[in-house]
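Take the sequences, apply the hints, and build the full model.
With full-length UniProt numbering, the residue at position 209 of the sequence shown is 209, and numbering never jumps.
Calculated directly from the structure, the hints in this document are not laboratory data.
Watch out, some of these pointers could steer you wrong.
[Claimed, not checked] For lysine-lysine, the following PhoX-like pairs were computed, each having C-alpha atoms within a straight-line distance of at most 25 angstroms:
1) 6 to 55
2) 74 to 10
3) 55 to 170
4) 153 to 93
5) 151 to 138
6) 153 to 55
7) 138 to 120
8) 48 to 10
9) 120 to 55
10) 170 to 54
11) 74 to 62
12) 120 to 144
13) 93 to 151
14) 93 to 62
15) 93 to 54
16) 74 to 93
17) 154 to 144
18) 62 to 48
19) 154 to 138
20) 6 to 48
21) 138 to 54
22) 55 to 74
23) 120 to 154
24) 154 to 48
25) 93 to 10
26) 138 to 55
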Amino acid sequence: MSDRLKEMCKSLRLAYVADIYERVPFEDPSQYLEALFQQEFDLRDTAKGERLIKKARFMNNKELDSFQWGDQVKFPPQIDRGDLESLRFISRKENVILTGSPGTGKTHIATGLGRNACRKGYEVRFYRVADLVDQLEKAWSEGKLQWFRNKFKKVDLVILDEMGYIPFSKDGAELLFQLVTDWYEQKSLIITSNLEFSQWNRIFVDARLTAALVDRVIHHAHILSFTGDSYRVTHALSNYPS
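Here it is in structure tokens:
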């Protein structure tokens, strides 16, 4: 491609045409241009998805297609695996709650759903809950709480991982409650927890605050239960010499 054509592509903000135009099959001018521009769109979408994945700050690279679905995942009546993977719950601003013992695949599913959401153009943020509360308390102490809350205005899906592993201070619990209240019916949440809702008062000291938080979280929510043994323990035992 000539330098002149490269400059024209740059001026038109066609980021990929200069690299792919020779690889597109030519049958007639109309077909060629349609195929060329479709590849430009597809590559733009792929690049955008990768940028959104980077911004989401996932803790690992787990994908849905590597998860071994089985009887250990119990779906509620109103949703099945296909509905979950379609991500329609995000456009409906519904929540997904994944509860069960550690090591049963909750974070794997949450991460896989989040990564696919990024590829569909959704803004996603991933937090371990303890880390989020630490950041909230820091922002509050520095007088930057509103600035921190504003960071989520354009976010479509927030993933809160490991709810219940570490109890919060009273201030931390109240700050998290404020944030969840901001998000109520405005965006979707995916929450993973090893505790049943009746046990959340272990981490949120105030019983009334716990009840109010649970009420907001489970309204418009799909609750999936994970049973069975830990994958990590099972894998470790299978590699242990007999």
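Tested hints:
1. With a CA separation close to 30 angstroms, the supplied pair residue 6 and residue 55 exceeds the 25 angstroms bound.
2. For the given pair, residue 74 sits about 51 angstroms from residue 10 by alpha-carbon distance, which is inconsistent with the 25 angstroms threshold.
3. Simply put, residue 55 and residue 170 have alpha-carbon atoms about 30 angstroms apart, too far for the 25 angstroms limit, and the pair is violated.
4. Annotation: proposed proximity of residue 153 to residue 93 holds, straight-line Cα distance about 14 angstroms (limit 25 angstroms).
5. The hinted pair formed by residue 151 and residue 138 meets the criterion: a straight-line CA distance of about 15 angstroms does not exceed 25 angstroms.
6. For the proposed pair residue 153 and residue 55, the alpha carbon gap of about 14 angstroms is at most 25 angstroms, so the pair holds.
7. With a C-alpha separation of about 33 angstroms, the suggested pair residue 138 and residue 120 falls outside the 25 angstroms cut-off, and the hint is violated.
8. Our distance criterion of 25 angstroms between C-alpha atoms is met by residue 48 and residue 10, whose separation comes to about 18 angstroms.
9. In summary, the hint linking residue 120 to residue 55 is supported, as the alpha carbons are separated by about 14 angstroms, within the 25 angstroms threshold.
10. Taking the CA atoms of residue 170 and residue 54, the gap is near 32 angstroms; set against the 25 angstroms cutoff, the hint is violated.
11. Between the alpha carbons of residue 74 and residue 62 the distance comes to roughly 20 angstroms, so the proposed pair stays at or under 25 angstroms and holds.
12. Annotation: proposed proximity of residue 120 to residue 144 is violated, straight-line Cα distance about 31 angstroms (limit 25 angstroms).
13. For the given pair, residue 93 sits about 18 angstroms from residue 151 by alpha-carbon distance, which is consistent with the 25 angstroms threshold.
14. Distance hint between residue 93 and residue 62 is fulfilled; the C-alpha atoms sit about 24 angstroms from each other, no more than 25 angstroms.
15. Taking the CA atoms of residue 93 and residue 54, the gap is near 23 angstroms; set against the 25 angstroms cutoff, the hint holds.
16. Between residue 74 and residue 93 the CA atoms are separated by roughly 22 angstroms; this keeps the pair inside 25 angstroms, and the hint holds.
17. The suggested pairing of residue 154 with residue 144 holds, with an alpha-carbon distance near 18 angstroms, which does not exceed 25 angstroms.
18. With a C-alpha separation of about 19 angstroms, the suggested pair residue 62 and residue 48 falls inside the 25 angstroms cut-off, and the hint holds.
19. Of the pairs offered as hints, the one joining residue 154 and residue 138 holds, with about 22 angstroms between alpha carbons and a cut-off of 25 angstroms not exceeded.
20. A threshold of 25 angstroms between alpha carbons decides the hint, and for residue 6 with residue 48 the separation of about 22 angstroms falls inside it, so the pair holds.
21. With a C-alpha separation of about 23 angstroms, the suggested pair residue 138 and residue 54 falls inside the 25 angstroms cut-off, and the hint holds.
22. Using a Cα cut-off of 25 angstroms, the hinted pair residue 55 and residue 74 is violated, with the two alpha carbons roughly 31 angstroms apart.
23. In summary, the hint linking residue 120 to residue 154 is supported, as the alpha carbons are separated by about 15 angstroms, within the 25 angstroms threshold.
24. In summary, the hint linking residue 154 to residue 48 is supported, as the alpha carbons are separated by about 15 angstroms, within the 25 angstroms threshold.
25. Distance check on the hinted pair: residue 93 and residue 10 sit about 38 angstroms apart at the alpha-carbon level, beyond 25 angstroms; violated.
26. Simply put, residue 138 and residue 55 have alpha-carbon atoms about 21 angstroms apart, close enough for the 25 angstroms limit, and the pair holds.
Checked against the numbered hints listed earlier, the structure breaks hints 1, 2, 3, 7, 10, 12, 22, 25; every other hint is satisfied.
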